[in-house]
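**Q** Next come the chains, spelled out residue by residue.
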Amino acid sequence: GAGVSQSPSNKVTEKGKDVELRCDPISGHTALYWYRQSLGQGLEFLIYFQGNSAPDKSGLPSDRFSAERTGGSVSTLTIQRTQQEDSAVYLCASSLAGPSSGNTIYFGEGSWLTVV
Amino acid sequence: GESVGLHLPTLSVQEGDNSIINCAYSNSASDYFIWYKQESGKGPQFIIDIRSNMDKRQGQRVTVLLNKTVKHLSLQIAATQPGDSAVYFCAENMGSGTYKYIFGTGTRLKVLA
Chain S
3 GAGVSQSPSN KVTEKGKDVE LRCDPISGHT ALYWYRQSLG QGLEFLIYFQ GNSAPDKSGL
63 PSDRFSAERT GGSVSTLTIQ RTQQEDSAVY LCASSLAGPS SGNTIYFGEG SWLTVV
Chain F
344 GESVGLHLPT LSVQEGDNSI INCAYSNSAS DYFIWYKQES GKGPQFIIDI RSNMDKRQGQ
404 RVTVLLNKTV KHLSLQIAAT QPGDSAVYFC AENMGSGTYK YIFGTGTRLK VLA
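Respectively, the protein sequence lines represent chains S and F. Just so you know, we're using the numbering used here here: the first sequence kicks off at 3 and counts up by one. Just so you know, we're using the numbering used here here: the second sequence kicks off at 344 and counts up by one.
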């Protein structure tokens with residue numbers, strides 16, 4: 003596609019429920035990132051996928067968070083047993099290649115998650 | 344969606360004036376930098392980038408300056424327009440072939456009519 007596409011754009015869920023957030027990167031981009039942005043905070047790295055390599059999951063805040071990338075394209079971020087502190091914007095980004103300095107990363111519009 | 348960065352530093356600029364937004368980066372080994380613009384309820388939008396072998400790069404109405412000596416990056420917006428109102432933040436790539444970026448928390452730019 004023309005840009006990074008994320009869905010849903012907004013999600014309100016009850017505490018304790020599971021949520022899935024989807025990201026469709028720019029066509030041809032092999033690198034995919036998930037970030038979290040809380041109110042008034044900078045971007046927090048969650049996970050990075052590059053081609054068929056093992057993902058870097060070092061940023062996932064707890065074992066309630068997991069992510070997959072199927073077929074080297076679409077990625078799903080899953081949050082199990084959501085908590086109120088999970089409320090944030092979840093941003094997906096992709097770049098042409100990686101790991102390499104100078105590969106511009108392009109963001110989607112984000113999935114705005116509210117846990118009530 | 345909610346507005347992000349309600350407690351960010353704010354720069355208020357009169358429409359038509361030039362804006363300068365600053366960023367102090369953290370890693371002297373960082374060798375690639377990006378400026379993003381984020382409007383309320385939207386994802387970050389790429390504006391301009393610069394590599395560490397340059398100290399200045401110009402785009403359309405925007406200029407990025409890099410001072411490696413003091414680890415400082417600035418974004419200059421010429422003839423600021425109401426549509427420039429947004430949160431601006433910088434990103435540094437930590438260099439040495441890493442894919443990891445560090446992002447600043449941002450500055451809110453308000454354009455006054």
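Hints may contain errors.
DSS-like cross-link-like pairs, simulated, lysine-lysine; straight-line CA separation at most 30 Å [to be verified]: (1) S:Lys-59 with F:Lys-385; (2) S:Lys-13 with F:Lys-385; (3) F:Lys-453 with S:Lys-59; (4) F:Lys-385 with F:Lys-443; (5) S:Lys-59 with F:Lys-443; (6) F:Lys-414 with S:Lys-13; (7) S:Lys-17 with F:Lys-385; (8) S:Lys-59 with F:Lys-414; (9) F:Lys-443 with F:Lys-414.
FYI, nobody ran anything at the bench for these hints, they're computed from the structure. Just so we're clear, the structure is a prediction, and the values are computed from it rather than from any experiment.
**Q** Hint by hint, note whether the structure agrees.
**A** Status of the hints after comparison with the structure:
1. S:Lys-59 with F:Lys-385: Holds. Lys-59 of chain S to Lys-385 of chain F sits at ~25 Å (cutoff 30 Å).
2. S:Lys-13 with F:Lys-385: holds (15 Å)
3. F:Lys-453 with S:Lys-59: The given pair, whose Cα atoms are some 37 Å apart, is violated under the 30 Å limit.
4. F:Lys-385 with F:Lys-443: Status holds; Cα separation ~22 Å.
5. S:Lys-59 with F:Lys-443: Roughly 12 Å between the alpha carbons, so the hint for Lys-59 of chain S and Lys-443 of chain F holds.
6. F:Lys-414 with S:Lys-13: violated (39 Å)
7. S:Lys-17 with F:Lys-385: holds (25 Å)
8. S:Lys-59 with F:Lys-414: holds (29 Å)
9. F:Lys-443 with F:Lys-414: Distance ~18 Å between Lys-443 of chain F and Lys-414 of chain F Cα, so the pair holds.
This entry does not satisfy hints 3 and 6, going by the numbered hints stated previously.
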